[in-house]
Amino acid sequence: MTDSPVPIRVAIVDDHPVVREGTAALLDGQPGLRMVGTAASLDEAAPLLDPSAVDVLLLDIRLGADSGLSVLRGGAPKPAIVVLTAYDYPQYATAALRLGASGFVVKTAPIAELVDAIRRAASGGLAFGCKPDLSAPAPLTRRELDVVRLIVDGRSNDEIGAELGIASKTVEAHLRRLFDRLGLQSRTELATRALREGWLEVP
Amino acid sequence: MKSLQRTFARALVPIAVVAATVMAAVVAEASPAPDQGLHLAYENGQVVVASVDYGSAAQQSGIRPGDVVVELDGSNPPGTWNDDPHYVLWASDQTKRDLARSSGPWDVVHTVSPDGIAAYAVAQYEWAMVDVREQVQWELTWMDAQGVPRAYAVYPGALPGSAEDSYSLETSVPWEPGPLVFGLAILIVGWWWVGSGRAGTALRRCTVTLPVATAVPLLVVPIVRYQSALETVVGSVLVPLAMLPLAIDFLGRVEGRRTRRLVGSAAFVLAIGSAAASLLIPSGTSLHTWGAILAAGVAFVPGFFAARPFGRRASGADVETGATPWALSESTDVALAAMTPGIACITLTFTSVPYSYTVWPILVWLAAVWVARRFTLRPLARLATRTTRQRDLEAAAAEAERARIAANIHDDALQELTMLVRRLDVAGDHENADAARGIAARLRAICGDLRLPILDDLGVGPSLEWLVDRLDRLGGPVRLEREGDECRLPNDVELAVYRVAQEALTNAVKHGAPPIVVRYRQKAVGVGLEVDDAGPGLAPGAAELAEHTGRLGLVGMAQRAEAIGGVLTVGPRPGGGTRVKLVWDDPRAGAAAGASAVPAEARAMEAR
Chain Y
0 MTDSPVPIRV
10 AIVDDHPVVR
20 EGTAALLDGQ
30 PGLRMVGTAA
40 SLDEAAPLLD
50 PSAVDVLLLD
60 IRLGADSGLS
70 VLRGGAPKPA
80 IVVLTAYDYP
90 QYATAALRLG
100 ASGFVVKTAP
110 IAELVDAIRR
120 AASGGLAFGC
130 KPDLSAPAPL
140 TRRELDVVRL
150 IVDGRSNDEI
160 GAELGIASKT
170 VEAHLRRLFD
180 RLGLQSRTEL
190 ATRALREGWL
200 EVP
Chain B
0 MKSLQRTFAR
10 ALVPIAVVAA
20 TVMAAVVAEA
30 SPAPDQGLHL
40 AYENGQVVVA
50 SVDYGSAAQQ
60 SGIRPGDVVV
70 ELDGSNPPGT
80 WNDDPHYVLW
90 ASDQTKRDLA
100 RSSGPWDVVH
110 TVSPDGIAAY
120 AVAQYEWAMV
130 DVREQVQWEL
140 TWMDAQGVPR
150 AYAVYPGALP
160 GSAEDSYSLE
170 TSVPWEPGPL
180 VFGLAILIVG
190 WWWVGSGRAG
200 TALRRCTVTL
210 PVATAVPLLV
220 VPIVRYQSAL
230 ETVVGSVLVP
240 LAMLPLAIDF
250 LGRVEGRRTR
260 RLVGSAAFVL
270 AIGSAAASLL
280 IPSGTSLHTW
290 GAILAAGVAF
300 VPGFFAARPF
310 GRRASGADVE
320 TGATPWALSE
330 STDVALAAMT
340 PGIACITLTF
350 TSVPYSYTVW
360 PILVWLAAVW
370 VARRFTLRPL
380 ARLATRTTRQ
390 RDLEAAAAEA
400 ERARIAANIH
410 DDALQELTML
420 VRRLDVAGDH
430 ENADAARGIA
440 ARLRAICGDL
450 RLPILDDLGV
460 GPSLEWLVDR
470 LDRLGGPVRL
480 EREGDECRLP
490 NDVELAVYRV
500 AQEALTNAVK
510 HGAPPIVVRY
520 RQKAVGVGLE
530 VDDAGPGLAP
540 GAAELAEHTG
550 RLGLVGMAQR
560 AEAIGGVLTV
570 GPRPGGGTRV
580 KLVWDDPRAG
590 AAAGASAVPA
600 EARAMEAR
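Those protein sequence lines, which keep their order, are chains Y and B. The numbering of the first sequence is numbering that gives the first Met the number 0, which starts it at 0 and goes up by one. The numbering of the second sequence is numbering that gives the first Met the number 0, which starts it at 0 and goes up by one.
Since the hints were made in silico from the structure, they are not lab data. Check the hints yourself; a few may be wrong.
Okay, the calculated beta carbon distance ranges per label pair [as the list claims (entries may be wrong)]:
id	chain 1	residue 1	chain 2	residue 2	range
1	Y	A172	B	I14	46 to 54 Å
2	Y	R33	B	H429	22 to 30 Å
3	Y	R195	B	D584	28 to 36 Å
4	Y	T169	B	A402	42 to 50 Å
5	Y	S69	B	E254	45 to 53 Å
6	B	A412	Y	V5	37 to 45 Å
7	B	K509	Y	P50	24 to 32 Å
8	B	E415	Y	E43	18 to 26 Å
9	B	G437	Y	V17	14 to 22 Å
10	B	G437	Y	S69	54 to 62 Å
11	Y	T191	B	L473	30 to 38 Å
12	B	G437	Y	S51	23 to 31 Å
13	B	L473	Y	E20	53 to 61 Å
Computed far set for chain B versus chain Y, every beta-carbon distance over 10 Å [to be verified]:
id	residue
14	R203
15	L250
16	R252
17	A265
18	F303
19	A326
20	V363
21	A383
22	A399
23	H409
24	V420
25	A440
26	K509
27	E561
Predicted model only: the values in this text are computed from it and were never measured. C-beta atoms are modelled at their ideal positions from N, C-alpha and C, and glycine is treated no differently.
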């Protein structure tokens, strides 16, 4: 147990009142955690996405007709997100990891596991109660890997083009194809995913 | 360029062709027959009537091709003619003269003045009886098809070369509402019928070209009936020329650039062939039969390809879908339209029969088409559309119901159970907590079967992973091969693809044998799904049987595919077993498909 002088600010988004309030009550009693907000829908959850107000956001996937995963897709800075769902499907865990969630906890897991995941997420780590399946990495060509490596370094298209000896237009085309193929929306997302899933470690 | 082509095809050429044809036909109809129109030939030791011109004096007096000449001016040809110095055999060249000399007791005269000949042979008949006497009139007796002897007066003045003779047999040809009038009627009524959409929306684009292609073969009949060189040239060119614009209209419906180019070339070659056949092959009919058949092909070949309701066709498949009732009905319309000009061309192949008879085939055909469309095809299409819509509504209602039940279990029972697990955990009752976890897992499985939440959140690919994992654990080895983009498809398409995969996999596990392989390929422009097993395969005719006995698996998959406009094929897998294949092409292909919150332009910006 870490004795952080400042308690971790936790918020929860779940459309089921009993679970939402019940979980909030359970967590509020944990040392070092402080519940700072609850929301029953994605609309209500908007203020909880401010990283300066919330450290860790517990997010349900099935929210009425909405999907909690859509919160993960936006590019804006967010609190660390722990997906909290009734479904222990590895496909959800994989998607959560790919989209940048810090943790994945099944609702029926013991409360200690959830608390542990929150603490790890708050300190920048990962906590997946259900193992994501990364056996099928995104297939990238050599050239695409080169481009991604330089994107991770924060280079611009012109710099990448100069480095690889190709036109910056070609770099742009590579990126556009990657975005389309992987359903990504920004260079940051691409870089994050490449690092998380270890694409660049492939020899 | 494109619009120019369209103008060319839609209006200019057909209108020009039809105007030229009508004018020429009216002139030809009004002009008198150039001769008595009788062509004799010598065949198997008999003098026979080779052909009789339309509307000619000979035709009016009832002579028909094939009639045998039994008496000429009281003499019996051919045997007795030998004794009569007035009759000689006339042949056009030395070879034929030699042949004639060897084949019968003929007195061959090498040069015969065309003046005064009683009967002549056109170049294609080898020889004919010729009367060299300066005789005003002689009598021809012949046997008709029933064997009844008939008599006919032949006036030499009616023959070519002596047209100036005043006593030529200019029997006035009684006017008949022949091909000219029926051709004009088809042109005008057809234009109205097709243009008003009564012939089906698929044919709207052929408003001008279809009536023209149908009417011109009738309209050229008066032009070509006397078989003069000029007339034959005009007629031979006009018919295929009238077919070409319709062929171009049909080409617009043919799928696939390669097929289109191939079919277009074929139509063009057929048109050239038709004109060549009519011009070069001598014939006793208005146009050569081959000319008419090839002209029919000019419209029919592109029409046939335009009528195909399926973009693709798998060989040996037992079940295939991909067409709505209206699309099928439109295909039938196009196919019928493609055959119509060909039927009109039949008129051109008749030999010397009274005018009105020659238009019967096309009139009967048009009447049959009208009746079939009015009383069978349209009502069937309406019925089938209604049934399909009702079926899709029922399927959608069932899906909605399952989703609702799944949501209820998830939102209510499962969440309460979750909290129960927490409370039991906190209370330290781990045994009961685990039991409750087990119940929760079973409830989740039920939810997953009713409506897999992964499908809504993550799309088809991850859902298939889940499904294959589950079956792999429960029912034996199942493998998934996935490739393509991680884009999202429209909701109804995702659900349909998943349900087809689910049904096909259930069948494969139940009836087939491992290895069971699911191949899924997803692109922004469409998806392809294949489910293979190595079992005994479908029994022949199982698919038809399924439709009747209600073995609903196959029928259900076909319905799902039809509802999204996909093509489902169920057939044998190469190497044994069964292959279920679903192909769906995004109708908005090209546009970035998927439920991405960020439009394609924004992504393009980010790529810069």
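Comparing the hints with the structure gives:
A hinted range of 46 to 54 Å holds for the C-beta pair A172 (chain Y) and I14 (chain B), which are about 49 Å apart. Checked against the hint of 22 to 30 Å, the pair R33 (chain Y) and H429 (chain B) passes, with Cβ atoms roughly 28 Å apart. For the pair R195 (chain Y) and D584 (chain B), the beta carbons lie near 34 Å from each other, so the given range of 28 to 36 Å is met. Checked against the hint of 42 to 50 Å, the pair T169 (chain Y) and A402 (chain B) passes, with Cβ atoms roughly 45 Å apart.
Against the hinted window of 45 to 53 Å, the Cβ-Cβ separation of S69 (chain Y) and E254 (chain B) comes to about 38 Å, which falls outside the hint. The given range of 37 to 45 Å is respected by A412 (chain B) and V5 (chain Y), whose C-beta atoms sit roughly 39 Å from each other. Here the CB-CB span from K509 (chain B) to P50 (chain Y) is close to 52 Å, at odds with the stated 24 to 32 Å. A hinted range of 18 to 26 Å for the beta carbons of E415 (chain B) and E43 (chain Y) is consistent with their spacing of about 22 Å.
Look at G437 (chain B) against V17 (chain Y): about 21 Å separates their beta carbons, and that is inside 14 to 22 Å. One distance hint, 54 to 62 Å for the beta-carbon pair G437 (chain B) and S69 (chain Y), is violated here, with the actual separation near 32 Å. Our hint of 30 to 38 Å for T191 (chain Y) and L473 (chain B) holds, since their Cβ atoms are close to 36 Å apart. As the Cβ distance of G437 (chain B) to S51 (chain Y) is approximately 42 Å, the hint placing it in 23 to 31 Å is violated.
Checked against the given bound of 53 to 61 Å, the beta carbons of L473 (chain B) and E20 (chain Y), roughly 37 Å apart, lie outside it. Listed as outside the interface, R203 (chain B) is consistent with that label: its C-beta sits roughly 38 Å from the nearest C-beta of chain Y, beyond the 10 Å cut-off. Distance check on L250 (chain B): its Cβ is at least 34 Å (rounded) from any Cβ of chain Y, clearing the 10 Å threshold; non-interface status holds. Consistency note on R252 (chain B): stated as away from chain Y, and its beta-carbon is indeed over 10 Å from all of that chain's, at 32 Å minimum.
The beta carbon of A265 (chain B) sits about 39 Å from the closest Cβ of chain Y, which is more than 10 Å, so the claim that it is off the interface holds. Annotated as non-interface, F303 (chain B) keeps its C-beta farther than 10 Å from every C-beta of chain Y; the closest such distance is 39 Å. Every Cβ of chain Y is farther than 10 Å from the Cβ of A326 (chain B); the closest lies at roughly 31 Å, confirming the non-interface assignment. Listed as outside the interface, V363 (chain B) is consistent with that label: its C-beta sits roughly 58 Å from the nearest C-beta of chain Y, beyond the 10 Å cut-off.
Even its closest Cβ contact with chain Y, about 34 Å, leaves A383 (chain B) beyond 10 Å, as expected for a residue assigned away from the interface. In this structure A399 (chain B) is separated from chain Y by more than 10 Å, as the shortest Cβ-Cβ distance comes to about 12 Å. At roughly 6 Å from the closest C-beta of chain Y, the C-beta of H409 (chain B) falls inside 10 Å, breaking its exclusion from the interface. The beta carbon of V420 (chain B) is not kept farther than 10 Å from every beta carbon of chain Y, the shortest such distance being approximately 5 Å.
Here A440 (chain B) does not stay apart from chain Y, with its beta-carbon only about 8 Å from theirs, under the 10 Å limit. No Cβ of chain Y comes within 10 Å of the Cβ of K509 (chain B); the nearest lies about 24 Å off, and the non-interface call holds. Chain Y leaves E561 (chain B) outside its interface by the beta-carbon criterion, the shortest separation being 27 Å against a cut-off of 10 Å.
Checked against the numbered hints given earlier, the structure breaks hints 5, 7, 10, 12, 13, 23, 24 and 25 and satisfies all the rest.
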